[in-house]
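For this one, chain U is given, so just place chain X on it according to the hints.
These protein sequences, in sequence, are chains U and X. Residue numbers for the first sequence follow full-length UniProt numbering, beginning at 1 and rising by one. Residue numbers for the second sequence follow full-length UniProt numbering, beginning at 1 and rising by one.
Hints should not be assumed to be uniformly reliable.
Only pairs whose alpha carbons sit at most 27 Å apart, straight line, appear in this in silico DSS-like list of lysine-lysine [claimed, not checked]: (1) U:K245 - X:K396; (2) X:K139 - X:K207; (3) U:K331 - U:K239; (4) X:K396 - U:K239; (5) U:K261 - U:K245; (6) X:K207 - X:K40.
Hints in this document: simulated from the structure, not taken from any laboratory.
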Amino acid sequence: MLQEFPEENIESLATGAWILGTGGGGNPYLSTLNLRRLYADGARVQVIQPEDLADDDMVAVVSGMGAPLVGQERLKDPRHMARAVELMEDYLGRPFRAIMALEIGGANALSPFLAAALLGRPVVNADCMGRAYPEAQMTSFAIGGLSMFPLSMVDVRDNEVIVARAESWKWMEKISRAACTAVGSTAATCKAPRTGREVKDWGIHHTITQATALGRVVLDARARHDDPVAAVLDHAQGKQVFRGKVVDVDRTTTGGFLRGKTVIEGIDADRGATLELAFQNEWAVAIRDGVPVAMTPDLLCLLDSLSGGAIGTEAVRYGQRVSVVALPAPKILTTPAGVAAVGPRAFGYDIDFESVFQ
Amino acid sequence: MKRIGIDVGGTNTDAVLIDGDSIIASIKVPTTQDVMSGVKAALAHVAAHINDTPRPLDAVMIGTTHFTNAVVERSRLERVAAIRVALPTGASLPPMCDWPEDLYRAVDPMIFMVHGGHEYDGSPLVPMREDEVRDAALKIRDAGVTSVAISATFSPLTTECEDRAAEIVRSVIPEARITLSNSLGRIGLLERENVALLNAALQSLGKTTVQAFKTALDDIGLQAPFFLTQNDGTVALADVAAANPVFSFASGPTNSMRGAAFLTGLSDAMVVDVGGTTSDIGCLVGGFPREANNIVHIGGVRTLFRMPDLLPVALGGGTIVDPETGAIGPKSVGYRILQDARVFGGATLTTSDIAVAAGLIEMGDPALVADLDPDFVQTALARIRAMVAENFDQMKTSAEDVPLIAVGGGAFLIPDEVPGASAVIRVENAGVANALGAAMAQVSGEVDQVFSDMTREQALAEAEAAARRAAIDAGADEASLQVLEVEDIPIAYLPGGARRVRVRVIGDISFG
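Bound conformation, chain X alone:
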């Protein structure tokens, strides 16, 4: 098995070439403003080593934190329209009623609530008012908005209203990119709608990002199939992934945690992955990120889908420090760190400048931060340490000290001693843990359908068998398959004891 794994963060782009368990080549370059010249530089570096071993290249796996960063920073988000098919229910709690105000403003939504939706037994709540959907679509078109999220009551059981509303919207706005809530989330209207809306806000970014990766691979002449890594440690073909950016939300931290486990040999530990824009703190259990049980907040928004349990912190190597007040973040210079940070001759004070001034790391020209008041530097450093300590403590699950693995390009920001950590572990190649985790990513197979006229056991078994076939079709090695997720919802009052079953299995890519 020979693969290239690449992780494109807001600040650094890391790439590795692995052959089996061996790291053949690795590199870390700054993410460039156009993103892709950095990607190309990193790819070109590791691609030059492809012939160091005889096997051909099997695949390129790309992990990107672009989508999460956009939500956390409230930038690069597209204006969205929400159409909820649920009236007369839910009027007091309109779409996005529980979103943080700044994110709400960044997405600047058009909100429509129309009559319709279904009951839990699949019967209509009230007839869907198609004229209301059409009116909404006309207003959305006139406003020039093309990204639309559609939700409806009980759409995970019957997609009829969302499908029909999408048809109407498409007839009015042919170029609309429509996210249906049932394709992403579970029972729980607000949370499912939230996921759909976040996804809608990221449509443009998803499309341009994947297209840019495609061009970069072509330019280097890499012909291997190309995947984006997903939240659960699996990969999806890039074009499929582009339409569902939310499935890539936590792929960066998932990759780095898997990479951290691989590099340290530890399967149970806390991991902090410090990028240029954000840090993510998570918990490794048995070599995989611990999964969140239920509700996961993304950028302050409640969501309900399978995600690793992570605490994102707006702290990275490119995080901007206010030169007047010493306040840290949440904005970051991101990919512009080599131009904007003071040590590289820029005019913006960043956490990296503070680290250089304090002697924590050597980079750029230390003379350029020599003018910083030592008291100011120590105060900023203390703030950074307090942020790390507070967030680490929040993620810990017991009062006992546990090891903390520090990975990522900004790992130097993590102090050697963190209250509550038995040790802070730094390893070689920790800077490219992300890329390593991406290269190791697995494939999955999923089935989500209604089964009738059989027992629950039979339905689960049928669904699992179908999910296994889907995974094998997607390229999984049959012997490595394991069930990741089983969910079943009985549908009352339908003949034959109908039940919706969702099963997801995961396995290594087969290169047989």
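One chain only, chain U, in its complex shape:
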């Protein structure tokens, strides 16, 4: 069953996806603008439920890759996302039935919509992170042990790359990241193709619906002048980790990632305490007065305390009033295999994963 994705849902999807981006995945504004322009030109996108895919349907998994900061300068163009899908079809010699997002977090939630609007293929109501993560092996497909190749990558200068094979997810990440960094830390990619069966077994389902509903809760709360942060906590069964004011941000760019930490001084109930929020593209670990209190794979979201809007790791700045909120992770990410792929040790922290929801 195909369902048209109505134009009025674009903003809700973008708002919710930005929160699920946990600081990364890129601000969806430009993708939203691109999608609106495509809709204004008459394009329409249909959504297909994962359970409606046939087992042997081929599904393209797309994402923009690179540093969000770069994407704010090198504005994305839907044609490149569509081209990445076509390049993969050319390579495979088979057409895709549908297109799905690698991650539902941030701008990449809209990436399949941009390609779909140009290619007339439906978008699958699923992704393989349930949030945003910086590396290729940090997906439910990788956790499920599925194949990691081939991969197609398209850049604006007419460079097109196919990674035909990779020895492991780590190698796929290493090779594709090196190629991406070489072309300026931003590129459109089509990841390893999936069958309908694989999407049904290992995809994280209905995340477009989830992101759209989360975004609508925030927009509605704002309109009613309710506390949008409270609305997020209530709707998504989240937990407030900290509330305060940003007093320092330290960023470095290494190997194509944006790394660093944000220091937040507590207010209200957290007055007197300090929270350090470390990130690698996305928020990874929250350390309160030297003690880790929340960490990946739980979703750590930094929200503007007033608007409830998400604040990205590249946009956080001194003086912002913020709420650090944890949302429950998709189940697969909290399994032993999931924690090995996306837990604190995957980000270089020598600590055991402990969920705030246990």
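Leaving out everything else, chain X in the frame of chain U:
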């Protein structure tokens, strides 16, 4: 410290003379059609009191809402050309693709996208196509457009493409007034480009405005240095300010909020400043306007630079009321209120006429609005109240009631009871809060450069020290300096851990 502060709104021109914390003289006059005769009248009035106290006059601080009004009203804007050096990136999102349609039409832009720009590491994206820039410049020249905004990818890190493109444009159009996006905004191409384009659209207005102020001061014989107030509550020398009108965008409301804090003694409250053309609603925190965290919309355009968090509303004492439908605004009679408003014998129905007819305020001749249908007056008044209530509510940050300070010449339009306000506070001299805030404005010092071969802490410390020196050189009192803004961007793949650091400090003017 003795200063004259003057605020030139679309409708009223206010001036004050202060000596330390004392208001020596103040006046409110209608802004005249030529603007400057009103300015001169106001200046002459307060200048006559300069010798009431022994200290000499230190400075004249001028705040003007001209530039914002031009954008909000979509008038007095210059036709602009946009040159973006970014292809092959960004083709699907051309310059001004996210502007409101009416503003787009008012600026009637010529848009050019050319190949070039830089990567985040300072290397070229693709070689800049100078022939494309030259072609664009020729077309711009042939169209008679002289205001040009130039943007390029990652220009805050390296200005090379914007600088070179400007050289080429200047070689073709020597009289071109060029705004480079890197001089105004931050990382974020569309937003930085938007600020540059708004600035470009205001070039003529900036130049004529400052020249007119200069003449007015000369005519009165005021010899003191003369500044324009800026968005952050600081001042810039008038000639410098003229080239960057966007830095004066929010100076009016900033001044009035600072003035409101001074007059009421409240440092935390909401403030609504009602001028003749627009109202601005903001939030005072610790005596200063709360700053917007990120994106600020100006006239519906996304921008990214340091601005107070304000909600501008097209509602003022001169706002035109449609006599048929009762629709309010957005056009205003502005400075022509004394000729055009019905109570002053004119033919245009304004919110002031409605207020007089309803008995909210006495001005002009009430007999001239006696013919208005009382039902029509009540309906229009209800619309005005609804506009105030809705916008106030939008700016509030909590469900709790907070005090609302009503200042500005059109403060009578604010009802005594506003839903969500614990009280509506009116104070003496509220009408000249703007001018008072201008007179109190501070100076700043800024540094924006790349530091290499040092730790982040060292780079920040060096930058802060340099910004402090710049502020002291600009006339700041060293003891009053405080850091207003710190931003640093690491530049990858350059040797020595290079990082661009921008620091801005602010302080009182030293009259030692």
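Taking the hints in turn, this is what the structure says about them:
Taking the CA atoms of K245 of chain U and K396 of chain X, the gap is about 19 Å. The hint holds against a cut of 27 Å. Between K139 of chain X and K207 of chain X the CA atoms are separated by roughly 24 Å; this keeps the pair inside 27 Å, and the hint holds. Pair hint K331 of chain U plus K239 of chain U holds up; C-alpha atoms about 17 Å apart against a cutoff of 27 Å. Restraint check: the Cα-Cα separation between K396 of chain X and K239 of chain U comes to about 25 Å, which is no more than 27 Å; the hinted pair holds.
Restraint check: the Cα-Cα separation between K261 of chain U and K245 of chain U comes to about 14 Å, which is no more than 27 Å; the hinted pair holds. Taken as a hint, the K207 of chain X and K40 of chain X pair is honoured in the structure, with Cα atoms around 19 Å apart against an allowance of 27 Å.
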